[in-house]
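J.: Here is how the chains run, residue by residue.
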Amino acid sequence: MISIHLLQKSFGKNHVLKGVDLTFDQPGIVAVLGPNGSGKTTIIKSILGMVLPDEGTIKVQGEDIKGKWLYRNQIAYLPQIARFPENLTVAELLRMVKDLNTGKTHDEELIKLFGLETFLDKRLGNLSGGTRQKVNLVLTFMYDCPIIIMDEPTAGLDPISLVRLKELIHNQRLIGKTILITTHVMSLVEELADEVVFLLEGHIHFRGSLKKLEEMTGEANVEKATAKLLQPPS
Amino acid sequence: MLKILKYSFYDLIRSRWTYSYGGFYLLFTLSLLWLSNDLSKVVISLMNVVLLLCPLIATMFGVMYYYNSREFTELLLAQPVRRTSIFLGQYLGVASSLSASWVIGVGLPFALYGVFGSDQAGNFAMLLFVGVVLSFVFSAIAFYIALKNENRIKGFGLAILAWLFFAVIYDGLLLLSLSLLTEYPLEKFSLIASLLNPIDLSRILILLKLDVSALMGFTGAVFRKFLGTGFGMSIAFGVLLLWVVLPVFCIKRVAGKKDF
Numbered sequence: 001m002i003s004i005h006l007l008q009k010s011f012g013k014n015h016v017l018k019g020v021d022l023t024f025d026q027p028g029i030v031a032v033l034g035p036n037g038s039g040k041t042t043i044i045k046s047i048l049g050m051v052l053p054d055e056g057t058i059k060v061q062g063e064d065i066k067g068k069w070l071y072r073n074q075i076a077y078l079p080q081i082a083r084f085p086e087n088l089t090v091a092e093l094l095r096m097v098k099d100l101n102t103g104k105t106h107d108e109e110l111i112k113l114f115g116l117e118t119f120l121d122k123r124l125g126n127l128s129g130g131t132r133q134k135v136n137l138v139l140t141f142m143y144d145c146p147i148i149i150m151d152e153p154t155a156g157l158d159p160i161s162l163v164r165l166k167e168l169i170h171n172q173r174l175i176g177k178t179i180l181i182t183t184h185v186m187s188l189v190e191e192l193a194d195e196v197v198f199l200l201e202g203h204i205h206f207r208g209s210l211k212k213l214e215e216m217t218g219e220a221n222v223e224k225a226t227a228k229l230l231q232p233p234s
Numbered sequence: 001m002l003k004i005l006k007y008s009f010y011d012l013i014r015s016r017w018t019y020s021y022g023g024f025y026l027l028f029t030l031s032l033l034w035l036s037n038d039l040s041k042v043v044i045s046l047m048n049v050v051l052l053l054c055p056l057i058a059t060m061f062g063v064m065y066y067y068n069s070r071e072f073t074e075l076l077l078a079q080p081v082r083r084t085s086i087f088l089g090q091y092l093g094v095a096s097s098l099s100a101s102w103v104i105g106v107g108l109p110f111a112l113y114g115v116f117g118s119d120q121a122g123n124f125a126m127l128l129f130v131g132v133v134l135s136f137v138f139s140a141i142a143f144y145i146a147l148k149n150e151n152r153i154k155g156f157g158l159a160i161l162a163w164l165f166f167a168v169i170y171d172g173l174l175l176l177s178l179s180l181l182t183e184y185p186l187e188k189f190s191l192i193a194s195l196l197n198p199i200d201l202s203r204i205l206i207l208l209k210l211d212v213s214a215l216m217g218f219t220g221a222v223f224r225k226f227l228g229t230g231f232g233m234s235i236a237f238g239v240l241l242l243w244v245v246l247p248v249f250c251i252k253r254v255a256g257k258k259d260f
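Taken in sequence, the protein lines are chains A and B. Be aware that the first sequence starts at 1, since it is given in this note's numbering, and climbs by one per residue. Be aware that the second sequence starts at 1, since it is given in this note's numbering, and climbs by one per residue.
Careful, some of the hints might be misleading.
Covered by chain B, according to a simulated footprint, are these stretches of chain A (three or more residues, beta-carbon under 8 Å) [stated by the list, open to error]:
id : stretch
1  : 43 to 53
2  : 97 to 106
3  : 170 to 179
What the hints contain is simulated information worked out from the structure, not anything from laboratory work. Keep in mind the model is a prediction, meaning the values are calculated, not measured. Heads up, the beta-carbon is just placed ideally off N, CA and C, and yes, glycines get one too.
Based on the sequences and whatever the hints tell you, model everything.
T.: Written as structure tokens, this is what we have:
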């Protein structure tokens with residue numbers, strides 16, 4: 001589905017990705033972990049064509065993405081910070097995204113799920129951070145894309161919405177989608193992830209199931225296990 | 001691109017800034033018309049304002065809009081849309097909403113005054129046209145500068161500097177060089193130098209249209225001779241158009257290569 005081959009990227013002198021090889025060809029949930037500045041967001045943005053790689057190729061559904069844009073209708077993306085044009089209303093934003101995409105939408109169910117009905121006529125500039133994140137989630141899950149990429153999906157959500165989001169992600173997984181999540185919330189990883197990719201200084205430090213992580217580090221708790229991964233072997 | 005343009009435009013025509021900008025022109029034009037009954041004088045007064053204000057506001061607005069809509073741009077970049085259409089759409093949204101404020105703000109009082117029946121209709125049309133072109137030119141320059149600079153403060157500074165250069169510094173340098181080189185024939189030089197600055201070019205176009213080029217002295221006569229002909233006029237319009245096309249082309253080029 002997604003294959004990344006020898007991806008390299010620097011921002012000025014900062015060499016962020018130093019030859020990353022990654023393939024996601026199985027349906028399931030992959031958590032991309034790593035300390036701040038390890039290149040998680042850069043990888044995600046490279047897949048979306050927002051960051052242009054210095055070296056290496058990325059293929060989505062078997063097609064090289066360089067210079068392409070239509071492939072993005074295969075990917076649902078949830079960005080880290082949700083900020084929208086302040087003067088548009090929620091309903092107008094939804095209409096715009098529908099205008100730019102084609103296919104069947106599930107926006108009504110999602111609006112109900114996150115209780116956004118009363119906010120539809122409100123201007124986006126007047127919404128709270130959590131509500132904006134909900135709008136963001138509706139936009140992400142509105143279309144049936146085979147690939148879903150989420151950058152810190154739980155930021156600012158209240159507990160009820162969090163539970164609903166987890167259910168939603170779980171259901172998407174059951175219908176056989178490939179889901180990439182970056183997060184610093186380890187309980188989310190424990191609950192959802194089938195596989196963990198651990199990035200460190202622009203390389204892939206570890207890749208495997210949660211079980212493998214546990215076996216390797218001897219820690220049942222993901223938080224402690226990742227902390228152990230960061231330490232040099234003694 | 002048209003879809004992005006549509007929504008940028010929707011977003012902008014509802015912003016307070018667009019209204020206050022249009023409202024300012026409305027009040028200003030109304031008071032000018034009220035104070036003076038000579039339409040051509042009003043057009044000249046407005047010209048002096050528009051030559052400074054349109055570029056300034058377009059510059060500020062262009063930079064501000066780009067930086068404010070950064071996260072939204074990221075959202076759009078993840079949609080199945082061509083990269084260049086996003087930026088060109090946003091740019092055209094800014095430029096056209098500025099132009100709309102200008103055309104409505106100035107046009108409404110003039111229309112009420114009955115300019116379209118009078119002999120000043122052509123001059124007035126030229127004034128409107130110049131204001132629109134300047135809005136397009138300077139918001140494009142501002143967009144380009146903002147795209148090039150991640151740092152907002154630096155972007156703002158450079159954009160203001162660009163405006164200052166074309167509006168003030170350029171003329172100063174031109175005058176300085178003309179006074180230093182009085183012994184040489186400078187008609188061609190001053191003609192070309194004026195063509196290279198969109199603000200100067202706009203000023204000359206209006207003055208020639210108003211037939212007050214005598215005010216500009218000897219150089220005025222040169223301009224009259226050159227721009228009075230069909231050839232000169234088409235060159236002037238062509239260069240003005242180039243001032244829109246060139247920055248837009250640069251926007252396109254930078255947008256294609258940038259990381260977000």
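J.: Check each numbered hint against the structure and report the violated ones by number, ascending.
T.: 3
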